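As a plain string of letters, each chain reads:
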Amino acid sequence: MPPSHRHDQTTDVAYIIDVDMGYGHARAAHSLKHLAGGQVITANDYQGMIESERLTWKHWREAYETLSRLRPIPLIGKIAFGIVEKAQEISDFYPRRDLSKPNFSVRQVYQLIERRGLGHELTQRLNRNPKPVICTHPVPAFALETHGYRGEIWCVPTDADVARAWVAMNPKQSRIRYCCANGRLVERLQLYGVPASRLTLTGFPLPQELIGGVESSVLKGDLARRLAVLDPNGFFREHYQYEFGTSAERSHSYVSAPPTLMYCVGGAGAQRNIGRQLIKSLASRLKREELRLILVAGTRKDVAEYYRQVVGRARSVEILYHRQRADYFTAMNRTLHTVDILWTKPSELSFYTALGLPIVMAPPLGRQEEFNAIWLTQVGGGMMQGDPRYTHEWLFDWLNSGGFARAAWNGFVEAPTHGVYRIEDAVLGRASELEVPPLIV
Amino acid sequence: MKKIAHIVDVDMGYGHARAAYALKDLSAGEIISANNYRGIPKSDLNMWQRSRKAYETISRLKPLPFIGDLAFNLMDEFQEIPAFYPRRDLSRPSLQLRQIYRMIDKGFGSHLIEMLRNEPIPLVTTFFTVAFMAEANGYPGAIYLVTTDADIARHWAPLVPQRSKIRYFAANGRCKERLMLYGVRESQIFLTGFPLPKELVGGYPERQLQKDLLSRICNLDPNGIFYDRYEKTIKTKLGPARCELNKTHPLTLAFSVGGAGAQKQLGVDVMKSLRREIRERKIRLALFAGIRTNVAELYVDAIKKVGLERELGRGVIVPIYKNRHDYFVAFSAFLRETDLLMTKPSELSFYTALGLPILIAPPIGSQEKFNSIWLQYVGGGVPMGDPRYTNEWLFDWLNSGGLARMAWSGYIEAPTHGAYRIEEIVAGRKSEIHPLPLIV
Numbered sequence: 211m212p213p214s215h216r217h218d219q220t221t222d223v224a225y226i227i228d229v230d231m232g233y234g235h236a237r238a239a240h241s242l243k244h245l246a247g248g249q250v251i252t253a254n255d256y257q258g259m260i261e262s263e264r265l266t267w268k269h270w271r272e273a274y275e276t277l278s279r280l281r282p283i284p285l286i287g288k289i290a291f292g293i294v295e296k297a298q299e300i301s302d303f304y305p306r307r308d309l310s311k312p313n314f315s316v317r318q319v320y321q322l323i324e325r326r327g328l329g330h331e332l333t334q335r336l337n338r339n340p341k342p343v344i345c346t347h348p349v350p351a352f353a354l355e356t357h358g359y360r361g362e363i364w365c366v367p368t369d370a371d372v373a374r375a376w377v378a379m380n381p382k383q384s385r386i387r388y389c390c391a392n393g394r395l396v397e398r399l400q401l402y403g404v405p406a407s408r409l410t411l412t413g414f415p416l417p418q419e420l421i422g423g424v425e426s427s428v429l430k431g432d433l434a435r436r437l438a439v440l441d442p443n444g445f446f447r448e449h450y451q452y453e454f455g456t457s458a459e460r461s462h463s464y465v466s467a468p469p470t471l472m473y474c475v476g477g478a479g480a481q482r483n484i485g486r487q488l489i490k491s492l493a494s495r496l497k498r499e500e501l502r503l504i505l506v507a508g509t510r511k512d513v514a515e516y517y518r519q520v521v522g523r524a525r526s527v528e529i530l531y532h533r534q535r536a537d538y539f540t541a542m543n544r545t546l547h548t549v550d551i552l553w554t555k556p557s558e559l560s561f562y563t564a565l566g567l568p569i570v571m572a573p574p575l576g577r578q579e580e581f582n583a584i585w586l587t588q589v590g591g592g593m594m595q596g597d598p599r600y601t602h603e604w605l606f607d608w609l610n611s612g613g614f615a616r617a618a619w620n621g622f623v624e625a626p627t628h629g630v631y632r633i634e635d636a637v638l639g640r641a642s643e644l645e646v647p648p649l650i651v
Numbered sequence: 008m009k010k011i012a013h014i015v016d017v018d019m020g021y022g023h024a025r026a027a028y029a030l031k032d033l034s035a036g037e038i039i040s041a042n043n044y045r046g047i048p049k050s051d052l053n054m055w056q057r058s059r060k061a062y063e064t065i066s067r068l069k070p071l072p073f074i075g076d077l078a079f080n081l082m083d084e085f086q087e088i089p090a091f092y093p094r095r096d097l098s099r100p101s102l103q104l105r106q107i108y109r110m111i112d113k114g115f116g117s118h119l120i121e122m123l124r125n126e127p128i129p130l131v132t133t134f135f136t137v138a139f140m141a142e143a144n145g146y147p148g149a150i151y152l153v154t155t156d157a158d159i160a161r162h163w164a165p166l167v168p169q170r171s172k173i174r175y176f177a178a179n180g181r182c183k184e185r186l187m188l189y190g191v192r193e194s195q196i197f198l199t200g201f202p203l204p205k206e207l208v209g210g211y212p213e214r215q216l217q218k219d220l221l222s223r224i225c226n227l228d229p230n231g232i233f234y235d236r237y238e239k240t241i242k243t244k245l246g247p248a249r250c251e252l253n254k255t256h257p258l259t260l261a262f263s264v265g266g267a268g269a270q271k272q273l274g275v276d277v278m279k280s281l282r283r284e285i286r287e288r289k290i291r292l293a294l295f296a297g298i299r300t301n302v303a304e305l306y307v308d309a310i311k312k313v314g315l316e317r318e319l320g321r322g323v324i325v326p327i328y329k330n331r332h333d334y335f336v337a338f339s340a341f342l343r344e345t346d347l348l349m350t351k352p353s354e355l356s357f358y359t360a361l362g363l364p365i366l367i368a369p370p371i372g373s374q375e376k377f378n379s380i381w382l383q384y385v386g387g388g389v390p391m392g393d394p395r396y397t398n399e400w401l402f403d404w405l406n407s408g409g410l411a412r413m414a415w416s417g418y419i420e421a422p423t424h425g426a427y428r429i430e431e432i433v434a435g436r437k438s439e440i441h442p443l444p445l446i447v
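From first to last, the protein sequence lines are chains S and X. Oh and the first sequence: position 171 is 381 in the working numbering, straight run, nothing missing. Oh and the second sequence: position 269 is 276 in the working numbering, straight run, nothing missing.
Hints may be right or wrong, so weigh each one.
[As the list claims (entries may be wrong)] Heads up, incomplete: computed chain X residues facing chain S, CB under 10 Å, no partners named:
id, residue
1, F91
2, V313
3, R317
4, V336
5, S339
6, P444
Worth flagging that the hints you see were computed from the coordinates, not collected in a lab. Keep in mind that this is a model prediction, so the values were computed, not measured. Using N, Cα and C, we set each Cβ at its ideal position, and we do this for glycine too.
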């Protein structure tokens, strides 16, 4: 269907709210910030925030962090971690059944909202000029609703399957609407009691600058270049030459070049170690310029320093680090044009396979990442990492057999790409010119 | 086709026999079972029976808590496939291999090889011990060994692989590389793909397969989601899909347990879960028990218990066969009207190359774990959901076009022409079929 409206002129029509807690919520918000004139409000850290509210957020967050840190202690640790696990639990999907009963985590959040006024001040502030608000974390959405926000409230879950904690205490009466990253999420939220009328299957909001409009012009250009790099022996392109259309035809005009691998796994102990092992394993390949490696330190200076020390004077290695989250996201999006393989935990970055990026999955942390990994495997856009110590072997075996090219293509074809545009259409209440993605995938 | 080779398998599970069945044209239909042929000496028969019984007993023990796992893990340790990376010399013979050679040195299998020597044409076997017997007893013809899994243990390569004249037909690229780690020279390995029944492929190009796949896609993509995305490729490779004309059968799921029957309860659970859909003619279920009458009886009893008696032979089928040959012939025929294959990741994993999506039942043993990884890497299979809720997850996957995509990925990515490549090599003909990439 030809576009009946433009997507490059929408600005300042909504508030975008995230929280400063990992990158997942913030990354989704960053992709949507053009709808709020480039501004993202961080619910637990915004300018002019009253101190009592800041403290309430801090305590809530610290409670979980403390419980998680107790994990290594015998007995107590097990009990403590059991509480955290329970709060984040995602029950088996089948058989479909009523899962709407609020769990401990939801009740605890509502206590903070109702008794300690979490989010009250923010609600008052936004009520001065009510516009649709899009939250990438559930707690601000619950708070706005409880404190009587006068605009529409939208929520964008950031995983392929989510815990009960994403849904309001009384889902049937709540007016929060959801923009869902995939079909399973639409169904899961219904099990939690959200009526289908308040669910829109949009896809995860990916950065516009990596898509290039509803026609995906930027993405197709990047993918054409990437397929040439990821299919050095032409196995994949031979199979799918009829389907590619523009991307594959164009890919033949590119000369195969050394691939670029982005390692974006985080900076906690074990993950750092994987980074060190892979640098060591790839040393010769990097020296011979058979690969370019980008190590993502995000906003963590200590991780950047660690990588700098490990990398030393190695060739063909870059470290991506920025002090501010917004700068980091912008720089990462700019860099992703040149990336051919993304190595990450199955976090929200799993959805980036829709950009035609093959994902090498590090071991998942937590239930939601396990579900993301299943989704990514079913979509065909990702595969579990091999032993990092032997990356120089398996990575190139997969490359030479065209496996990465296939994963790039599967991700592009099967995973939803246009979430950011569908969310814009949904929030503005206009019919979308984009096809509705199938319910599962 | 004139007989140009001996085909030798063993009667032990279905894996080795199924591969041999697909190559029967090479031997004008004659397949010799090394552990069960006319005139086999009593001593050899006893030797085979001991190892077979041990294997089957342990497989049957598997469901038992603790003891089953313990016994199975011990056996599995024996057959362990070491991690592939880093590539390194793995040529040191395993305990099991030494044991096999000790038995051969004592005369195990010499009668069989003497018998074959009367007609010294190429010998193609699907079981490693037979190849070792042939070489140790100086068989004068060429000796070929067909691998039947996506990755294999050390006992598939001979004691001194560097000096051996055994040639290999590797089922996939990983098998070829693995054999090289075990010390087999590259010149002795042909990457052919697993031999699939020719009647399901239909030559080169694979006309029969394409016809069946088109009909299958009609059943597997009820909402046209997959077709919309891959229309150009499907039309170019298979022709236009006119489902009202192409549809040849109702949506059909075939459940095929292993020869040891360890997973029969899964079949019962799947059938129970689908009982309403079977009654409503939304799906047809075939529970394959192979030649195991007791398993078939168990299925029939369970079907009656859930009130599906009237559907027996229509909505739910329990075929049973007198012998392996009849089973393989009928199974092939049935696969032409099968849309989904639910199986352990056994040698049937390779059947995804026929454009069959595989719902992977839990693997048993190291080699099946590797088959499962291969199947998922190829994109032709996915681990099955909880069998008790098959009626939910199966139709969810179906409606989203995911199963059609798996059928397609299996067809495109997995090797289809193994039987043809093997025939051409054995006959000494130059192959016109495209070479396979090393991995996949």
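Was the hint right that V336(X) lines chain S, CB cutoff 10 Å? At 32 Å from the nearest chain S Cβ, V336(X) fails the 10 Å test, so the hint is violated.
Quick check on V313(X) please, does its C-beta sit within 10 Å of some C-beta on chain S? 17 Å, violated
Hint check, R317(X) versus chain S [nearest Cβ-Cβ separation less than 10 Å]: 26 Å, violated
Proposed interface contact between F91(X) and chain S, which counts if any beta carbon pair is under 10 Å: The hint holds - F91(X) has a Cβ within 10 Å of chain S, the shortest such distance being about 8 Å.
Please verify that hint: S339(X), Cβ, nearest Cβ of chain S, below 10 Å or not. 26 Å, violated
Tell me if P444(X) is really an interface residue toward chain S, meaning its C-beta lies closer than 10 Å to one of theirs. Result: holds, 5 Å to nearest chain S Cβ.
The earlier numbered hints that this structure contradicts are 2, 3, 4 and 5.
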